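J.: Listed here are the chains, written in short residue letters.
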Amino acid sequence: MEKQYRLIYDENLCIGCQACNVACRVENSVPDEVYRVQVHLHTQGEFPNLGMSFERLSCVMCENPPCVSVCPTNASFQSKDGLVHIDERACITCKYCILACPYHARFVNPIKNVVEKCNFCYETRVSKELLPACVSICPTDALSFGDMRQKQSLVHQKSHKEVLVFPKAHLGTKPKVAFIPNRKGMKS
Amino acid sequence: MAYFQARRDFLKLATKSATATVLIPGSLGALGEVALRGEDKFVRSICEMCSSRCPMEARVINGKTVLLQGNAFAKEMGTSLCAKGVAGSSQLYDSQRLVSPLIRVGKRGENRWREASFEEALNLVSTKLSALKERYGARSVLFSAKTGEHYDLLRSFASAFGSPNVFSHWSSCPIAIESAFTHTFGEKLHRDFENATYILNFGHNLFEGLDIPLTKAMAHFCANPSKKLVVLDPRFSIIAAKADEWHSIKPGSDLAFVLALLHVWIRDGKFDRTFVKQYTIGFDALVEAVKETTPQWQQTRTGIDASVVERIAAELYAASPRCIIDWGHKATTTQAEFQRSRAILIANILMGNVEKEGGIYLTKSAKRVNALAKESIVPELNDPYPRVQIHEPRIDGAGEDGAYRFVSKQHGVLTTIPEAILSQKPYEIKGWFLTRHNPLITVADPQKMKEAMEQLEFIVVNDIYLSDTAMMADVILPECTYLERDEGISTLTCKVPTYAMRNKIVAPLHENKSAIEIIRALAERMGCGSHFAWKNSSELRAFQAKGNAELLQTLLLRGVASFDVPPLCALEPSSVERFCERYPQSRSWVDAQGCFGHLLTHLKTPSGKIEIYCDAVEKVFKGYGVPRSVDMDVTQGLPYVLTSGKSAVHTNGHTQNVPYLSRLLSSNPIWMHPSTAKAHGLKMGDTFYLQNAIAKEKATVFITEGIRPDTLFAYMGFGHDAPSLVRTHGKGTNVSKFLSLASAPICGAMITNVGVNILKA
Numbered sequence: 001m002e003k004q005y006r007l008i009y010d011e012n013l014c015i016g017c018q019a020c021n022v023a024c025r026v027e028n029s030v031p032d033e034v035y036r037v038q039v040h041l042h043t044q045g046e047f048p049n050l051g052m053s054f055e056r057l058s059c060v061m062c063e064n065p066p067c068v069s070v071c072p073t074n075a076s077f078q079s080k081d082g083l084v085h086i087d088e089r090a091c092i093t094c095k096y097c098i099l100a101c102p103y104h105a106r107f108v109n110p111i112k113n114v115v116e117k118c119n120f121c122y123e124t125r126v127s128k129e130l131l132p133a134c135v136s137i138c139p140t141d142a143l144s145f146g147d148m149r150q151k152q153s154l155v156h157q158k159s160h161k162e163v164l165v166f167p168k169a170h171l172g173t174k175p176k177v178a179f180i181p182n183r184k185g186m187k188s
Numbered sequence: 001m002a003y004f005q006a007r008r009d010f011l012k013l014a015t016k017s018a019t020a021t022v023l024i025p026g027s028l029g030a031l032g033e034v035a036l037r038g039e040d041k042f043v044r045s046i047c048e049m050c051s052s053r054c055p056m057e058a059r060v061i062n063g064k065t066v067l068l069q070g071n072a073f074a075k076e077m078g079t080s081l082c083a084k085g086v087a088g089s090s091q092l093y094d095s096q097r098l099v100s101p102l103i104r105v106g107k108r109g110e111n112r113w114r115e116a117s118f119e120e121a122l123n124l125v126s127t128k129l130s131a132l133k134e135r136y137g138a139r140s141v142l143f144s145a146k147t148g149e150h151y152d153l154l155r156s157f158a159s160a161f162g163s164p165n166v167f168s169h170w171s172s173c174p175i176a177i178e179s180a181f182t183h184t185f186g187e188k189l190h191r192d193f194e195n196a197t198y199i200l201n202f203g204h205n206l207f208e209g210l211d212i213p214l215t216k217a218m219a220h221f222c223a224n225p226s227k228k229l230v231v232l233d234p235r236f237s238i239i240a241a242k243a244d245e246w247h248s249i250k251p252g253s254d255l256a257f258v259l260a261l262l263h264v265w266i267r268d269g270k271f272d273r274t275f276v277k278q279y280t281i282g283f284d285a286l287v288e289a290v291k292e293t294t295p296q297w298q299q300t301r302t303g304i305d306a307s308v309v310e311r312i313a314a315e316l317y318a319a320s321p322r323c324i325i326d327w328g329h330k331a332t333t334t335q336a337e338f339q340r341s342r343a344i345l346i347a348n349i350l351m352g353n354v355e356k357e358g359g360i361y362l363t364k365s366a367k368r369v370n371a372l373a374k375e376s377i378v379p380e381l382n383d384p385y386p387r388v389q390i391h392e393p394r395i396d397g398a399g400e401d402g403a404y405r406f407v408s409k410q411h412g413v414l415t416t417i418p419e420a421i422l423s424q425k426p427y428e429i430k431g432w433f434l435t436r437h438n439p440l441i442t443v444a445d446p447q448k449m450k451e452a453m454e455q456l457e458f459i460v461v462n463d464i465y466l467s468d469t470a471m472m473a474d475v476i477l478p479e480c481t482y483l484e485r486d487e488g489i490s491t492l493t494c495k496v497p498t499y500a501m502r503n504k505i506v507a508p509l510h511e512n513k514s515a516i517e518i519i520r521a522l523a524e525r526m527g528c529g530s531h532f533a534w535k536n537s538s539e540l541r542a543f544q545a546k547g548n549a550e551l552l553q554t555l556l557l558r559g560v561a562s563f564d565v566p567p568l569c570a571l572e573p574s575s576v577e578r579f580c581e582r583y584p585q586s587r588s589w590v591d592a593q594g595c596f597g598h599l600l601t602h603l604k605t606p607s608g609k610i611e612i613y614c615d616a617v618e619k620v621f622k623g624y625g626v627p628r629s630v631d632m633d634v635t636q637g638l639p640y641v642l643t644s645g646k647s648a649v650h651t652n653g654h655t656q657n658v659p660y661l662s663r664l665l666s667s668n669p670i671w672m673h674p675s676t677a678k679a680h681g682l683k684m685g686d687t688f689y690l691q692n693a694i695a696k697e698k699a700t701v702f703i704t705e706g707i708r709p710d711t712l713f714a715y716m717g718f719g720h721d722a723p724s725l726v727r728t729h730g731k732g733t734n735v736s737k738f739l740s741l742a743s744a745p746i747c748g749a750m751i752t753n754v755g756v757n758i759l760k761a
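Chains A and B are the protein sequences, given in the same order. Quick note, the first sequence lines up with residues 1 to 188 if you use the numbering used here. Quick note, the second sequence lines up with residues 1 to 761 if you use the numbering used here.
With the rest of the complex left out, here is chain A (with noise of 0.2 Å):
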């Protein structure tokens, strides 16, 4: 059967200690200087009030992606699980894509020369039933993976009794990413 995967990341557990993007760059072979994912951590507010918010980026893997409209090789594809991939022998690094993303997600490999992203670790891991190797090395529980057509799963129970923020909604990408928003400090 499909799978309806969804990654939720929760604001208020997350501590942008980075260990995401480690073990996103040792899981994928992710060249220096280029990340597929990373927190971003922004203070607002004048001293002593103040807030942090903290801000995760990489592919959201939309339901609508513009990137693979723009494709004029059909690298960017998406799967039957609706899951965005690249394949790297199409790809001829015309860079419509990186452009076409609102979401700053995609960029080109130095050593490959081809376009590349977060791929959910389908290959390595998703596929194989384990989870993508940031929600699973993630020191205080702020991701979450799963398929949603799975009653029992603990993303389908978060999204129940959480508020979910999908990034950018207003684009009707339809992400599969979603986000628990910060409960304690300043509102971006």
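The set of hints was computed from the structure by calculation and includes no laboratory data. Be aware that a few hints might be false.
Claimed, not checked - With a Cα cut of at most 27 Å, we get these calculated DSSO-like pairs of lysine-lysine: (1) Lys646(B) <-> Lys161(A); (2) Lys112(A) <-> Lys604(B); (3) Lys227(B) <-> Lys161(A); (4) Lys151(A) <-> Lys75(B); (5) Lys604(B) <-> Lys619(B); (6) Lys158(A) <-> Lys188(B); (7) Lys188(B) <-> Lys128(A); (8) Lys75(B) <-> Lys158(A); (9) Lys504(B) <-> Lys546(B); (10) Lys64(B) <-> Lys128(A); (11) Lys184(A) <-> Lys546(B); (12) Lys80(A) <-> Lys184(A); (13) Lys619(B) <-> Lys184(A); (14) Lys683(B) <-> Lys128(A); (15) Lys188(B) <-> Lys128(B).
Predicted model, so just to flag it, every value in this text is computed and none were measured.
Guided by the hints, dock chain B onto chain A, whose structure is given.
T.: The following block gives chain B in isolation, referenced to the frame of chain A:
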């Protein structure tokens, strides 16, 4: 905070100068391509990227990639691991780490070396150490290591050699809180973050100084809207950002805040009288000592409004006993550190949270659990590292006499070393054996330390990098990384007895040896091989486990072993009842209140009870028997206080050159409030000088709202002078250079808050 992004610009500037390929003698890079010999399977072991020693598991893929994650057999870990832990493979493959022994050929510290075989290097070390012993006596050689198995091993070797001068890293880190525990409880307690409802935190930043089980528990605590965290820290740290309340307390004034809390509780009679009466001594002395320390009094010292103290005191009392006043980890804030740490412990005691759920608890060691159960439910271990009693005085008098008589002689006071070497008092020091210890980065006044090291006849360093301290050595013995070595069984026990074991994941990449192999080989050469009951790590493990094959098998396969002992709070009748149901013979310990109260009346303190007042301390150091307002100044009359701490991606000195981690944070620009920066005409990224009586050093500025205008902050562990650490050499500021060798009274702790001036470059 934008720190990681802001530093990307620093990185760009910095990396350009460091990209030239430099072949470091004896390094992995000098060998060319090296293939890993490993199997495509999981091996469970213990991390060593920092000193938290989290249980982890590793998988070698295609004989090359090493994927690391938490060891889920340790329930509180799950598969979690931090950025440093995951970057273990980056350290393993770092072309700049050492894999061959080096022998100095130039002048000391000149960084000129020749490669040598282990045979030659070990022979040289044993000959030189034996010669020093012959000529000046065994006491003329110092031994130092970071705490952990390395330290246990080296301490044992030092005793066989005959030197009393063994040092751990404690006096540069947790010694004050350890000492406060010894004098209050006779042992160290732990915090039950999982079940607490209210936590008052004095800068214990578990979100940047990570220890996975504690960090995870604290993250869930913070994210839970029904719980409350209050953080006092001069800096808007990550844990401050996650708190319900953050108060930017003046550096060094935590003690004043705690004394005011104690004052309010005693003034209003809002504390656990029954607990205090039943399990403690010396409460009256405390009443006297905090008579004047009102919330108003603390206001001028801490900068926190008196009404805040009143409110927090009331909230803590309402939440008690499920509340924790958190003592932190690195206890080095002021000269008053012993008093501060003791005041915090006593605040917990007044809230009656000891051995209560959501409070603080005694270690449930194998020995303690077996004694309670009156049966052997958990195997107890042999000590594989015996110690001979040495009848020589230590150079610092630790544990013996004088200013440091209350400091553990097992740990010593590192800041006394330079003066002892330079003055040759109380006697001549001629040699130093350091294993995985880098005092030129992590201990105060490295300038003076270096000067002293130059006077020594022989220095041997075991490290995996050619660190600042290794550069001063005569012989460098390169250890294999933790992924390449087997070690003995270590104890992880907190709530329940737990053991863990470091298991080799890949064969050593080159000739590297483990510290166990190095020390054992030296002992053999120096004629004290029989000191150890084992010849190699397998024998060591078997000896330690008393031949318990089942235990060893579990530790080999799972990396951790626990024994299904129910968690126990000795003063919670329901918890005690659960324990008794499982182990019926333990019922004979149960007291009239349904508790194991005897645990708190048979402590290793002079009175056997919890000591709010320490008579032994008061007799020698008048006024220190109970917490009082003393020694809180950290400015030394200068306008700013330089503070320091950890980032989530580095340790205090070891990881700055690890490729993946260096990329995440490659320097430590100094945090400065915008108004301070403006007053000195500084813009983001400008260079300037920090200056005090000890040092004048160049630094760059990171301007942020997240710090008090009178305070500066730097991440520790930068400013390496060693050129062989190519990625990190010359980057950032070594904050230790500003720190004084004068340590805190009673406990001997180094002080890391220090007054500085800002000067334009």
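J.: For every hint, state whether the structure bears it out.
T.: The hints, checked one at a time:
no. : hint                    : verdict
1   : Lys646(B) <-> Lys161(A) : 35 Å, violated
2   : Lys112(A) <-> Lys604(B) : 64 Å, violated
3   : Lys227(B) <-> Lys161(A) : 19 Å, holds
4   : Lys151(A) <-> Lys75(B)  : 25 Å, holds
5   : Lys604(B) <-> Lys619(B) : 19 Å, holds
6   : Lys158(A) <-> Lys188(B) : 39 Å, violated
7   : Lys188(B) <-> Lys128(A) : 44 Å, violated
8   : Lys75(B) <-> Lys158(A)  : 22 Å, holds
9   : Lys504(B) <-> Lys546(B) : 21 Å, holds
10  : Lys64(B) <-> Lys128(A)  : 21 Å, holds
11  : Lys184(A) <-> Lys546(B) : 52 Å, violated
12  : Lys80(A) <-> Lys184(A)  : 39 Å, violated
13  : Lys619(B) <-> Lys184(A) : 49 Å, violated
14  : Lys683(B) <-> Lys128(A) : 51 Å, violated
15  : Lys188(B) <-> Lys128(B) : 39 Å, violated
Of the numbered hints given earlier, the model fails hints 1, 2, 6, 7, 11, 12, 13, 14 and 15; all others are met.
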